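Chains as they are written, first to last, in the working numbering: chain A, 1 to 218; chain B, 1 to 218; chain C, 1 to 218; chain D, 1 to 218; chain E, 1 to 218; chain F, 1 to 218; chain G, 1 to 218; chain H, 1 to 218.
No lab work stands behind these hints: they were computed from the structure. Keep in mind that this is a model prediction, so the values were computed, not measured. Be a bit skeptical, because a hint or two may be false.
In silico PhoX-like cross-links for lysine-lysine, where the CA-CA straight-line distance does not exceed 25 Å [what the hints assert, rightly or not]:
id, chain 1, residue 1, chain 2, residue 2
1, G, Lys52, E, Lys52
2, G, Lys21, E, Lys21
3, D, Lys86, D, Lys52
4, G, Lys86, G, Lys52
5, D, Lys52, H, Lys81
6, F, Lys52, F, Lys81
7, F, Lys81, B, Lys21
8, F, Lys21, B, Lys21
9, B, Lys21, B, Lys52
10, C, Lys21, C, Lys52
11, F, Lys21, H, Lys81
12, H, Lys21, H, Lys52
13, C, Lys86, A, Lys21
14, B, Lys52, D, Lys21
15, C, Lys52, A, Lys52
16, D, Lys21, H, Lys21
17, D, Lys52, B, Lys52
18, E, Lys21, C, Lys52
19, A, Lys52, A, Lys86
20, E, Lys81, E, Lys52
Number of protein chains: 8
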Amino acid sequence: MIRFDHQREERIRLPESVFCKDKSVEMLNETIAELVEGAATGVLFTRLDREKFVSLESELAAHLDYHELSGTAILGGARGKRVPGKVAVITAGTADLPVAWEAQRTLQYLGVTSTLVADVGVAGLWRIQERLAEINEHDVLIVVAGMDAALASVVGGLTSRPLIGVPTSTGYGVSTGGRTALESMLASCSPGVVVVNIDNGYGAACAAARILQGIQSE
Amino acid sequence: MIRFDHQREERIRLPESVFCKDKSVEMLNETIAELVEGAATGVLFTRLDREKFVSLESELAAHLDYHELSGTAILGGARGKRVPGKVAVITAGTADLPVAWEAQRTLQYLGVTSTLVADVGVAGLWRIQERLAEINEHDVLIVVAGMDAALASVVGGLTSRPLIGVPTSTGYGVSTGGRTALESMLASCSPGVVVVNIDNGYGAACAAARILQGIQSE
Amino acid sequence: MIRFDHQREERIRLPESVFCKDKSVEMLNETIAELVEGAATGVLFTRLDREKFVSLESELAAHLDYHELSGTAILGGARGKRVPGKVAVITAGTADLPVAWEAQRTLQYLGVTSTLVADVGVAGLWRIQERLAEINEHDVLIVVAGMDAALASVVGGLTSRPLIGVPTSTGYGVSTGGRTALESMLASCSPGVVVVNIDNGYGAACAAARILQGIQSE
Amino acid sequence: MIRFDHQREERIRLPESVFCKDKSVEMLNETIAELVEGAATGVLFTRLDREKFVSLESELAAHLDYHELSGTAILGGARGKRVPGKVAVITAGTADLPVAWEAQRTLQYLGVTSTLVADVGVAGLWRIQERLAEINEHDVLIVVAGMDAALASVVGGLTSRPLIGVPTSTGYGVSTGGRTALESMLASCSPGVVVVNIDNGYGAACAAARILQGIQSE
Amino acid sequence: MIRFDHQREERIRLPESVFCKDKSVEMLNETIAELVEGAATGVLFTRLDREKFVSLESELAAHLDYHELSGTAILGGARGKRVPGKVAVITAGTADLPVAWEAQRTLQYLGVTSTLVADVGVAGLWRIQERLAEINEHDVLIVVAGMDAALASVVGGLTSRPLIGVPTSTGYGVSTGGRTALESMLASCSPGVVVVNIDNGYGAACAAARILQGIQSE
Amino acid sequence: MIRFDHQREERIRLPESVFCKDKSVEMLNETIAELVEGAATGVLFTRLDREKFVSLESELAAHLDYHELSGTAILGGARGKRVPGKVAVITAGTADLPVAWEAQRTLQYLGVTSTLVADVGVAGLWRIQERLAEINEHDVLIVVAGMDAALASVVGGLTSRPLIGVPTSTGYGVSTGGRTALESMLASCSPGVVVVNIDNGYGAACAAARILQGIQSE
Amino acid sequence: MIRFDHQREERIRLPESVFCKDKSVEMLNETIAELVEGAATGVLFTRLDREKFVSLESELAAHLDYHELSGTAILGGARGKRVPGKVAVITAGTADLPVAWEAQRTLQYLGVTSTLVADVGVAGLWRIQERLAEINEHDVLIVVAGMDAALASVVGGLTSRPLIGVPTSTGYGVSTGGRTALESMLASCSPGVVVVNIDNGYGAACAAARILQGIQSE
Amino acid sequence: MIRFDHQREERIRLPESVFCKDKSVEMLNETIAELVEGAATGVLFTRLDREKFVSLESELAAHLDYHELSGTAILGGARGKRVPGKVAVITAGTADLPVAWEAQRTLQYLGVTSTLVADVGVAGLWRIQERLAEINEHDVLIVVAGMDAALASVVGGLTSRPLIGVPTSTGYGVSTGGRTALESMLASCSPGVVVVNIDNGYGAACAAARILQGIQSE
């Protein structure tokens, strides 16, 4: 029997979620069964790739609202309440999209509106500058970038908005695994850029919700 | 002649600052002279240790409001405007204080009110739990911790507030330089914890200001 | 012909075991055949995944008491003697269970009683606090945790029992491979926490046996 | 004002201690003054080198029982109670002695008897074998070794006692900082060896006390 | 067309060899075809796993004397000449055998006699001590060990023979990939131990040949 | 007696130079004496800090044209010939200047004209954009930047000129030693950016000379 | 819809390219479809392995000029214009060829002539010396080497040409992933060697084009 | 009282030595006093820098034959016996000399004849080729090199002699501490190159003695 942190929503205003990557299909089947039995609502599953999803017991899988591109699933529907404010999810390149989608899907589940601003890497600087006014209409920015992750520094120097960097594990050689992108964002020359773990679109979305829910509660 | 980013305040609502660690006394003297000549207001100097400060030309040093414990100095006075909201700066141990003070001093300079919640490391869990209500009265939390940095995860699981982790370079052996604390915070099991560079109290304060200034502008 | 350390039990009171991960199916077949021929008793096989187990010669595999979840097998039955005292195996999350099961299965084989205290990660602190009294009824604690591994520090600060930390290779990004969890445990702010290699449930169980067998021999 | 964890002794049976390396002389003066004022008893100071010790206010320093070789000081006397059992502190080479002394001094302060078995590195294997019987008369072994740290594996294969490895930062090249010794101990081919942070004689002593105090309470 | 270093034998008294791991089946087919066409004699292929070997064009593969356990193949027969002296190849555990076999097979191809001394890891010290006299009858020692690689230090402290350490990539956690074994051997407390790359049985054999051929030429 | 590579100029069109950091004052005195005796012309000394320079035998030091800011000295005058083309040395921040000066001083010594474009870091993007036309009038660009080194990517995306990145060891935390800047440049999202070792202004200048001398020789 | 940087050619004289490794087949299909629809000319695809290529929609794949050995494809034909000058692509061993071919294929697409000088690793020094005159007839040199990457230093000391090093991820043990080759090239004792990311044949070719196009524009 | 391994000479034919870097002046005084009292002969002290040497009690220091350039001292005279054969100690650059001298001084103390072949780095390849015949007159080669350490590979490809590589910690940036040189030597493309720890001239000399003493005993 799995011990869920059912009080989490009440305590930190973020519901329980299930990270699927390190869990076997058996563990996931058991988890879903318990949740369904307990009539749980609003549980987010992340890093659930297609191969694993199709291996689930079909009866249990039927309870999941699955979204393949982001590797996420929702059991029991999203939260009813809406969080005020808007988030822009900004990506450097096409390969960063799955992480961006994980962030957007998490935001949607948390009741937060978001916009995708894709393919605005700094190798073609005009792309980000062209959309700066649009970006500034959002309350929180999530910048998703791999390799040199220079986009976080450039955006951080162009806007006053809270900016959460998500380094991605794209690339090869020194980029492998996302270490360079992570450290580049942490060493950003633009002040006040904050960072989450590599490929952690989910965490960035939760951080954005913490910020926006704080505004709400004033 | 140094090229300052004088438009920074207007563009990103954070004024220009000077990181002193990698600059020679000669460079700093030149910088201060140019700023004084240009009648600059509100420039923050960080990582200015006593040894370097007392080596400055005394005439120039006289323009600085120096604070030794945090290694910061302000030239031309703090910003006039006040930013709404309050920040709690929470530390695990005594050795984390200089970084916490850098954060507090930066906040003060940015017009943000802050409270220090010191010595609440998780080895004695009652200390953080005892002060939880007080902590929750703040809008943004900055958690400063070295070694295992477990405090960030524990606080992140107890409150819904935006939480910025600052790993510190305290400790020895595997703790040396703060890598373990940094990675522990990035890998935090509490959702929505964001992180800045090791010992970067300044950056955490700027991130808090980005959040609070966003609230203000709603 | 393999040279077993048959005197090990006598010398260090821990029987010989076979680590299967780096051994080919051919090597394992040969090992089992020799052990069976020598009428060996009480040999533990670890890291024996299902794929490898089913590839063994079925005649030889029939001599193994296989346990898939923990990847362990016992040849020739467990030790007859019972070791006094009890061990609590405490896990942060569901993904840490295979390592916890390896520890429990090794303890069982060594004649040591153990209890599993699962899913008590610090993101929901009430879970570990709720079970503290139960935990304190055990003589040795094994804490299995990945990512930030903050659970080791928190438990270490709540109890006086010997505490052996087992970092796990769960997670992604900076958590990959378990380095962060390992170093976080080594840098624990709670005094007297000791650590074994990443995912080494077997080693933690042996260490617990060393402690409990010492008590026995007083 | 520093917030001590005064309940620590009661909670985990290990008294509060002060790690001095990352604290300024000013911080230490303030700490000692508060402890003296509060009539604290039995506080251990570690990593207090001579240079720092002689810089303390002499009035405050007079309250410390200082031991230069181990870099430790005790304020308010050691604990009255005696812990049953004996610990052997075993070192590979002369350069490991300061860490061994930190362990011994911490044990003494905790009320635990210890013996030093020095200079028994495996390059001259007869040295450790010659003293094996003597070593086996102890209840817990602390093995202090740098460079290849092979001593931990060799001792672990010769005795059934609980064995705590302390890697040291001696050596040069790949040994620099103690990483190789740490990882060599964690990867030990002898089962049940547990490890603490590099140079952490204090932590090893606390772990030994956790074990011996557990025996006592049976 | 591949450019072989046909003068190598003449220049450094070690014949050309082909490392197969990073080469595609197409590249290998082309290489063998050219060698066969040129009537090459005595070319050693290393890291040629079964999967790759069976994918070769069968006509070409027929020219190879393949040895699966060591992943080696010889084209055109071994060298005719015999090198005086004997090498002992000593292994810590069963998982080290493939690397030991690569060393033995390379020695055989170079005309050097060798003996395998297997399963003498230091966790059971009697095993290596029991065979010390036999080992000392050899002119050069190759010690193959993974994990903590303590065997190299122990053997180095027991004998005066030239000792070449080969760290292996066995194990898990901190042992992964063989870094710990490599650095432990480089940091060996026994004087005059030399080391080759991880898993490089071939290189150790070549080094032994350099030594023995030097003796020959006196 | 030191063996200079006097044919270097003829062979690779770059004269011999002396890297002073790892050489003792005694070694440098001996080197200069031999050069003076041999009537050497055009030898560049790099990484010669003031402390070392003033420790040289004054008679020998008198032969050096010393430049403190760049830590360089020239013995026997610069090369007579001029290399066609111009190099722009572009820096992100003030702390990058010593490395930029090393590059400029090496270029001057090699007969190459250069311009310094300082303080154009991407946190204030307008600074680099404002000077783009001026930069494009140069034949080769050297971009000197530490921390996130995002400047290399941004410049690489704005111009078609050959671009040599020099990462610097400025900053703290993850920036320490310049690894992050190095890897960020290597992972640059702008195509065709090449990189030299951390702080290697000298190497970047030599690379620029290789390019410009190639043009000359067409 | 993907946002291409169509102005890239005009701005930096290098056309847009598509790095395929981190992109799913779905993403690639969408990319090609958009390019075909937009009648794009001259788009280079890199790291497109056979498995991925054959998974593309055959209608879309038909628009690609695919080259398996280098993993590259060109859509819409190469650039019409020719760049003056010649590049020599020099490899140490057979395993470096795929990276060399990526460089050559990129050069071809950019309109640059290149020559392959293969299998001239320094273990047989005569091979590179034999071809030195031929190499010197080229304007830019690209040296592709893994393992110790000593070839870059040796070539750098023999010629005055601009030299771009491409470290490769060949080898095993410490060579794994190409870090050693990368750092060896960055630390080259030959002055003016510049380096690109591991296995980045594409980047080296772009850098060569930057150099040669600069010559053209004089 | 220090426990010397007095049987070492008899057992492994290498006398006891004292590594001074990690030992305090007090420890060294005590060591020398005990050795003098025990009338020890032939003890080598390594890494004894001038500052430490002059801090020794002068009465004790008088027993040492000190050699500053190599940081070595001999107490009680060198070994009487001579070992047959000759060693060439080959260095890439001037900064490698202290390590080369440590090797030579150790060889002298062990009774082995050696020749220094200095300043033959591969940037000027003619230097090593010019002295190849001379080098080949030696029985064992020690190659001392930092940075890219390409010299080991080049020499390894030119001669059949046993070759021991000693990486040095010279250089800066990626060379810092000697890791790159170490890994470059381990990954050498020349077969049969063996390696010792960074800056370990002493170990290389001991390895050479193991080889030459083996020849002697045939």
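Outcome of the hint check:
{"no.": "1", "hint": "Lys52(G) to Lys52(E)", "verdict": "holds, 22 Å"}
{"no.": "2", "hint": "Lys21(G) to Lys21(E)", "verdict": "holds, 21 Å"}
{"no.": "3", "hint": "Lys86(D) to Lys52(D)", "verdict": "violated, 32 Å"}
{"no.": "4", "hint": "Lys86(G) to Lys52(G)", "verdict": "violated, 32 Å"}
{"no.": "5", "hint": "Lys52(D) to Lys81(H)", "verdict": "violated, 50 Å"}
{"no.": "6", "hint": "Lys52(F) to Lys81(F)", "verdict": "violated, 30 Å"}
{"no.": "7", "hint": "Lys81(F) to Lys21(B)", "verdict": "violated, 40 Å"}
{"no.": "8", "hint": "Lys21(F) to Lys21(B)", "verdict": "holds, 21 Å"}
{"no.": "9", "hint": "Lys21(B) to Lys52(B)", "verdict": "holds, 9 Å"}
{"no.": "10", "hint": "Lys21(C) to Lys52(C)", "verdict": "holds, 9 Å"}
{"no.": "11", "hint": "Lys21(F) to Lys81(H)", "verdict": "violated, 40 Å"}
{"no.": "12", "hint": "Lys21(H) to Lys52(H)", "verdict": "holds, 9 Å"}
{"no.": "13", "hint": "Lys86(C) to Lys21(A)", "verdict": "violated, 33 Å"}
{"no.": "14", "hint": "Lys52(B) to Lys21(D)", "verdict": "holds, 22 Å"}
{"no.": "15", "hint": "Lys52(C) to Lys52(A)", "verdict": "holds, 22 Å"}
{"no.": "16", "hint": "Lys21(D) to Lys21(H)", "verdict": "holds, 21 Å"}
{"no.": "17", "hint": "Lys52(D) to Lys52(B)", "verdict": "holds, 21 Å"}
{"no.": "18", "hint": "Lys21(E) to Lys52(C)", "verdict": "holds, 24 Å"}
{"no.": "19", "hint": "Lys52(A) to Lys86(A)", "verdict": "violated, 32 Å"}
{"no.": "20", "hint": "Lys81(E) to Lys52(E)", "verdict": "violated, 30 Å"}
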